[in-house]
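**Student:** Sequence:
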Amino acid sequence: MGIINILDTQTANMIAAGEVVDRPASALKELIENSVDAGATSICIEIKGGGRGFMRITDNGSGFARDDMPKALLRHATSKIKTGSDLDGVMTLGFRGEALAAISSVSRIEIISRRKEDELGTRLTGDENGIVMEDTGCPSGTTVIIRDLFYNLPARHKFLKRDSAEAAAAAAVTERIALSHPEIAFSFTSEGEKKFFTVGDGNLLSAIYSVYGRGLANGLKEINYEIDGVSARGFVTTPDNARGSRSLQIFFVNGRFVRSKTVMAALEEAFRSYLPHGKYPAGIINITLNVKNTDVNVHPAKLEIKFTDERKIFDAVYYAVKNMLTQPEHMPPKESEKQHNHTNPVYIHPSPPKNSEGNVIGYEVFKPDTGEEDLPVINLTTDSTMILKSPLTELTPEEKKAYKDSKPTETVLFAEEKSYRIIGEAYNAYIFAELDDKILVIDKHAAHERVLYEELTDKKQVVAQQLLEGITVTLPREQSDILSANLEYLGQYGFVAEPFGADTLIIRAVPSVLSNTENIESLFEAFAAKLSEGNALSFTERVDRALFTVACKAAMKAGQKNHSVHNEWLVERLLTGGDIRYCPHGRPVIKILSKREIERFFDR
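Here the sequence shown stands for residues 632 to 1235, numbered as in our numbering.
Derived by calculation from the structure, the hints in this document are not laboratory data. Predicted model only: the values in this text are computed from it and were never measured. You may find that some hints are simply not true.
[Unchecked claim] Taking CB as the label site, the calculated pair distances span: (1) F1131 / D871: 43 to 49 Å; (2) I637 / T756: 49 to 55 Å; (3) N834 / A1116: 50 to 56 Å; (4) P701 / E935: 28 to 34 Å; (5) E935 / V763: 34 to 40 Å; (6) D859 / F1233: 37 to 43 Å.
[Unchecked claim] Okay, derived cross-link-like pairs now, BS3-like style, lysine-lysine, Cα gap no bigger than 25 Å in a straight line: (7) K792 / K825; (8) K953 / K892; (9) K1192 / K1161.
Beta carbons: idealized from backbone N, C-alpha and C, even for Gly.
Please construct the entire structure, taking both the sequences and the accompanying hints into account.
**Tutor:** What follows is the structure in structure tokens.
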């Protein structure tokens, strides 16, 4: 006699329920999504005992026809699709027809529903003994009540967490759906206490405020970008409001909450030079694209998604966030943007200052004034195509034009009347300056690192300074191979080198801003080491990260005593540069204290 048994429907449903419903929060998710799909504009959720004892979901959606009520508890009974081809264009959150069947097989369920066009509604109750239906008076819409979840699965019930933990998970599920549908009013109550509600006005920021409070909402900036039919919209924290974990990185695709490594990578890549290690951006991002370019049917709980073109998704999110980060908000105005009364600014080269005796004030990065003629300056930028390209750093035609001059461009460094005043320096690490009605506290090392990085990556004016004598560097085989294969490309950044024997390169020129760094060999070794890391990144992206390290190592150090004129130079460059808020590694460069903040502190 054979040993294979055909399971009865109830047992099969209980087994299948384990894939769809593993805790109260997952059951709640399925029921709320049904309400959203029913066109509800108001959804109220109430739970007790963490959801395992009692859950009630009430909506004002389309409601059930009486004939459909018993069908709704059958597996693979759905109003969303008819054939397999419909999966390619499914727009609803639910479509498999499994949720109610799974939930009803492991709980005691009650459904009360009425359509607007019906005079009477229908009440359905179901448990292990079957279902009972009766007419009832009720408002239009649907109420689903779940009692004693997993009462017939003691093993599953045993592994549930404490009521408080299950309630928190249920609240998180509701919060995410509320954020994905700000046009719907949500209310969530646990143990008789209303935890949060949203007004359903369609304003995402309003929903964020209701769910997470003023603290997070006030630290967010809007993002909005569209490329190749993919749009990324939502709100993301500014660098100042970064978090210690990724728990508030919330992503939606066509209104469906998903976990996506692609979206997470794009978000964090955009923030890469704004945040230090261990800090993460928070954000609520909704990606919209043609549903035919997605597949949500790859996970039992529909929490994962596949895209036909991951790169489009990455680019949409990356540029949406990057555009927000590069907005000049929260930065002191640039000196070049201020209206000065003077008419004849004094132009000087960014060469090192001299003291009263006429001697050069020593500093490793500045070019010494030797009185000798400069060595030849090599023009590096050419019309040649990059060896590897990334859409994140692709050169424009203007950036590929050759640098015409044989000397660095003159810079407006000190005007006859500056609008800022350096007050002093503390601990040989922090520069204090007064700008209008603000006090600026500047981290000397981080600021110089930012200035150097901007100069190293300015492809419009990249120049290399030829070294008097070539410097040989012997590298590990992997690093040597990477550099040797990309020497032409590295030349665009000012590093000119050529092979010089096995695993050895000879450095002929370096970026002009580094030409007088004391230990070019160690700087180049650090550059090469960084290039060999992060193989998942494009070569362009690895070069960018390597330049972070170069700028950091070449920058003036905290505790290093510098002449006041060097500090003047640094502050001037900082205030006339681009985004000055963070060093390339994400550490803050500047702290701005307004006069009002200071007066408030002293109760004035």
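**Student:** Each hint: holds or not?
**Tutor:** To see whether the hints hold, each was checked on the structure:
Restraint check, F1131 to D871: a C-beta distance of roughly 47 Å satisfies the suggested window 43 to 49 Å. Between I637 and T756, the C-beta spacing of about 28 Å breaks the proposed range 49 to 55 Å. Take N834 and A1116: their Cβ atoms lie about 52 Å apart, and the range 50 to 56 Å holds. Distance hint for P701 and E935: a CB-CB separation of about 32 Å, consistent with the stated range 28 to 34 Å.
The hinted window of 34 to 40 Å between E935 and V763 holds, with their beta carbons roughly 38 Å apart. Range check, D859 to F1233: Cβ separation about 55 Å, and the 37 to 43 Å hint is violated. Restraint check for K792 and K825: the C-alpha separation of about 22 Å stays at or below 25 Å, so the hint holds. Distance hint between K953 and K892 is fulfilled; the C-alpha atoms sit about 18 Å from each other, no more than 25 Å.
Our distance criterion of 25 Å between C-alpha atoms is broken by K1192 and K1161, whose separation comes to about 29 Å.
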